Amino acid sequence: MKRSQYLLGASLISATMIAAACGNDGEGNNNNNADPANDNNNVNDAADNDDDNAGDDNNADDNNDDNNDDNDMADGDAPQGGSVTYGYTSPFAGVLDWSFYEGVDDSLALQIFNGDGLYSNHSYTDFETEPNLAHNWEWSDDNLTVTFELEEGVMWHNGEELTAEDFEFAYEVIADPDYQGMRGVNVDRIEGYDEYRAGDADSIEGVEIEDDYTFSVTFQDAYANNLEQLWGYPMPKEHLEHLEVAEMEDSSEIREEPVGLGAFEVTSVTPGEVVEFEAFEDYWKGAPNLDEVEYRIIDGSQAGEFLAQGEVDIIELEPTQAGPLEDNEDVTLEEIEALSFSYLGFKLGEWDGEENVMNNPKFESQELRHAIAHAIDREGIIEEFNEGYGQVVNAPESSIRWSYPDESDLNQYEYDLERSQELLEEAGYEDVTGDGFVEDPDGEEFTINIAAMDSPADIAEPRAQYIIQTMQEAGLNAQLMDGQLYDFNLFYDLVEEDDPDIDMFMGAWGLATADPDPSGLWRSDSPSNYPRWVSEESDELIAEGISEEALDQDYRQEVYQEWHQLVNEELPMIPLNSPENIYGINNDVGGVEVNVRDAITNPEDWYTEED
Amino acid sequence: MLIYTLRRILIMIPILFMVSIVVFALALAMPGDALSGQIDPANTSPEYIEEMREELGLNDPIHIQYARWATDLLQWDFGRSYTHQMDVTSLIGARLPNTILLSVMSLIITYVLAFFMGRYAGRNPYTKGDYTIQGVNYLMLAIPSFVAALFAIFIFSFQLGLFPATGSGVSGNEPGTIAYWLSRLHHTFLPALVLGMLVTASYTQFLRNDIIESSQKDYVRTARAKGTKENDIYNKHILRNSIIPIVTLFGFDIASIIGGAVIIETIFTYQGIGELLISSINNRDSAVTMAVFLMLAVATLIGNLLADLLYGVIDPRIRVE
Amino acid sequence: MEAAQEAKLEKQAKKQSPWSIARRKLWHNKLAMISLVFLIVITAMSFMAPWITGYDPNRVEIMSRNLQPGDGYLLGTDASGRDIWTLLMYGGRTSLLIGFICMFAVITIATVIGSVAGYFGGWVDAVLMRFTDFVMNFPFLVFVIVLASIFREAGIIALILVLSALSWTGAARVVRSKVMSEKENEYVMAATSIGGTPFKVIRKHILPNVMTTIIVQATLLLAVMIVAETALSFIGFGVPSGTPSWGNMMTEARDPNVIRTQWWVWMPPALAITFTILSINFIGEGIKDAFNPKSAR
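Protein sequence lines, in the order shown, are assigned to chains A, B and C. Each step along the first sequence adds one to the number in this note's numbering, with nothing skipped, and position 578 is 578. Each step along the second sequence adds one to the number in this note's numbering, with nothing skipped, and position 289 is 289. Each step along the third sequence adds one to the number in this note's numbering, with nothing skipped, and position 179 is 179.
Isolated chain A, as found in the complex (with noise of 0.2 Å):
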């Protein structure tokens, strides 16, 4: 039950999912996505929490049940052939592994062509696990071994069957010596883990393969979460055992020849622009519908247009993109909330390699913290530029999300220009020059470099203003960084080299999908914790929120209660919304199911009716 965070991170606001850190969000993919013959139940409760999708969606799970009677139409009669394009507005960097992807980029070219985990996990707001690649596991009385039973006749683009191997292959290149992406936090509470992480074990201990189809993975500690955040992919060990792990990365094995085992394998590969694929006849559920698959990047500002012209079939929406298209009669429009928020992150300190350090003084007051909080008008910019589209959160948290906290603990940090005044005043911020900004306590010139990144395109550029405007009112001196925006990459590689410029940051996390552990954005040895923000406390809680204890639930619910009050408290980021998501699916396209992280629930069901 459970699973832990992590992100992708999203855009602001409007959530156009992004990349940047870390763990699970390859196992929230997984468990979100993966497996659309079993996949009823978290498209279900994406509907219950969307009116909209109700009926849609409830008839595609109906038919999923019976295990490939896809579609929403009888089988047999979805129409066969025929080629569907998914649109994406950031170019990829084309990482085309699970292992090594670093962003939903590069994820949702994955999910087409190996979508499948270990499990899938099928709602957000419960947390049944259900079989996919594993037909079974169980769990040893100790709790701390889990022995899986994999499909048999699965098969790799290669011609290859998905063995038990691929999957011990994937821990060992996850825990080798030389590996440097995030996935680490998958298998680390392996036993033997730190033993083949140094070098001085060659298998990793704690994994067992019994036959081909049964292995068993054992952990150092009984965790609340071991299942879910134990990474769920398998690598194909016979396309990739020759590389060394260093090299990996980068090899054209992954770049641009990769083997999954989805319904679709690649064919060619355009860096940063396209990435074709074709039926894989021998995918283990049955072949797709549609003969090619395209996942093409195209300019951000113009996806309602490409939509409507029938240039890309299925592709996230600005909400700014979706009120035109309301009326369109050739585009079906799907929203559904999203499990990612937005916010406003003081830079505390830096990142040394090994921990966070909080070693920046200039937001150090927590009353300064607070001051900007409520200077921003975090309700006019959903209003104003998401089209009303999300909800004002005041915890680092999808407000969808059974840990979500109970707001009426939480300070609320409404927009209040007299109050931030005063926070200011208190805290020994006052306008000795009479410029009209304040100085700090030391009466030094006290400027505020806000970085933000330039999606979406039409919205960003005002919103930033806006922001910078109301804390100018509040009479704090902030500014844009450089007095310009960053494409969405360079941006996060800014914020997460800790670039001296950056005093705060606009940014946005996606989550996994059904753990809520807060582990991997802010403990204080998490290279992802933006903030740098450093709390013993807080490390305390998180860890007690994944105890053996907190296999109760109502326990689980307590901790995260008292740590969402914490962070609401010393505030190291300003949490600004939880957004919803809006698809265009152009409507010769079928069996298209939307889901929290993205529209590839089960693209071997997807077909076209057009010529």
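Hint data in this document are derived by calculation from the structure and do not stem from the laboratory. A few of these clues could be false.
To be verified - Calculated pairs, DSSO-like style, for lysine-lysine (alpha carbon to alpha carbon, straight line, at most 27 Å):
id, chain 1, residue 1, chain 2, residue 2
1, B, Lys-128, C, Lys-25
2, B, Lys-229, B, Lys-128
3, C, Lys-288, B, Lys-128
4, B, Lys-217, C, Lys-30
5, B, Lys-236, B, Lys-217
6, C, Lys-204, C, Lys-183
7, C, Lys-30, B, Lys-128
8, C, Lys-25, C, Lys-288
Keep in mind it's a predicted model, so treat the numbers as computed, not measured.
Please arrange chains B and C on chain A, whose structure you already have, making use of the hints.
Then chains B and C, alone, in the frame of chain A:
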């Protein structure tokens, strides 16, 4: 002529050398490591940068670095793109055909338009038609290409729905098929038209004035007196003489197209070299930026050389100078 | 009677320096005069913007985003809720100011280099002209973009410096050839022979005669500079994005949806730029015509 050509080409060598020095100097000023593209330009950790600089020899004396870089260039190694994680050479190779298609199409449109408009205005000077063409010319000269592009998109793509507003038409069709080429031409027409406008205006003007001037000349009068048909006079005698100088300007067109292409490609999100330049600057992908800059500078250089040579062919006096 | 009239005519003829002839010719050139009036009006409005409009060109008004023209907003509002009419004037201030400053800087550089090269000739000329050719060999706009991206943080000043540093070449060549031909005139030789220093000779005897050429070049340059600034701002390498300028106003139109549905956001600056350039071109033509002794008007 041969000697003149050889001399001109020889002069190119020191110029190329100096161009490379300028590019090299700029590369040193770019964030990251623009020479080989190995250092992550967004990583600002001093230790990381220092370590990588040491490793890549960026702490060597400048002239050694230059020599290494220039040697790589001569071996066709332009470094590596940090954002795309691939060789700059193949990245440019993938984009170049699009830009070439755009330029060629733009030149064709330019020549065709200028030819017909110039001929008409030249044969019917001081008529309504001529004044209309003149007016259009003034407008084309005054309107900046990016403004023209917006109007073109507004009118042709949105009001009339004739052409797609964006893209290069590469994807969606099997490469090599007729549909594929039609789609590409369809996507390329509008940016090519806008790109060619400025040049079209000056050619039209040139052709018009030249035709008017020629029609007063003695040999034309003689021909006319001999009873040669008006059409023949214009087509055989005048046009032939007037078109040659225009063709020689071809080299300079290359230069002007390069500048224009950067902006036009960006507006039409046309996946060419210019768009690559802008996006790599925005991504701080300095190695790509420098390689594209170098490439465009060399192309301009060659364009100017070509212009000089063609001019030499037309006007032999220039060779002596 | 007759004698008096003759004397008057004579007097008039004496008064007719090339400058006054040119002025009269220009005065009768309707197109040029209309253009001049237009340019003066648009410049004046830009610089008096704070007295003409009550709106703040920088303030984001989230309650009035993307409004159509009318209802208190003459030309509607942009995505930040800023009044387009106000932005147009403040933007004109930035764009025209940059255009004029760059023009003066460029024409100064061009005049100095051109006249030094033309006057002294020999190796000085050779060196300066090779250098000019060399700078000309770079694709102007691309070079500007690369340089501007390196100095992005320095803002408008850097933009002006970069533009000026790269665009003097054409004008310098023209000035040089004009100076070379003026140098051959007898009065220049005379001035040199009685011991005038080169600086004095150039300033007193050559430059006044090259002035017309310089003025024509200057008008051309003004147009080029305005286009360069707006184009650069449009693609994000010009004036910092918070400062209103005609180019910055149009950046929103990089979204085709804006081109289609919100014409009032991009069309006003687009037309302002086009008509400004057009009028500068007409003025330039007019000046050229006016100083051309062959043209009758």
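Here is what the structure says about each hint:
1. Between Lys-128 of chain B and Lys-25 of chain C the alpha-carbon distance is near 25 Å, which keeps this suggested pair within the 27 Å criterion.
2. About 24 Å separates the Cα atoms of Lys-229 of chain B and Lys-128 of chain B, which keeps this hinted pair within 27 Å; it holds.
3. Using a Cα cut-off of 27 Å, the hinted pair Lys-288 of chain C and Lys-128 of chain B holds, with the two alpha carbons roughly 25 Å apart.
4. Proximity of Lys-217 of chain B to Lys-30 of chain C is assessed by CA-CA distance (about 32 Å); at most 27 Å being required, the pair is judged violated.
5. A C-alpha spacing of about 14 Å is found between Lys-236 of chain B and Lys-217 of chain B, which places the hinted pair at or below 27 Å, so the restraint holds.
6. For the hint linking Lys-204 of chain C to Lys-183 of chain C, the alpha-carbon distance of about 12 Å falls within 27 Å, and the restraint holds.
7. The straight-line distance between the Cα atoms of Lys-30 of chain C and Lys-128 of chain B is roughly 19 Å, inside the 27 Å bound, and the hint therefore holds.
8. A distance of roughly 11 Å separates the Cα atoms of Lys-25 of chain C and Lys-288 of chain C; the hinted pair therefore holds under the 27 Å criterion.
In summary, the one numbered hint that this structure violates is 4.
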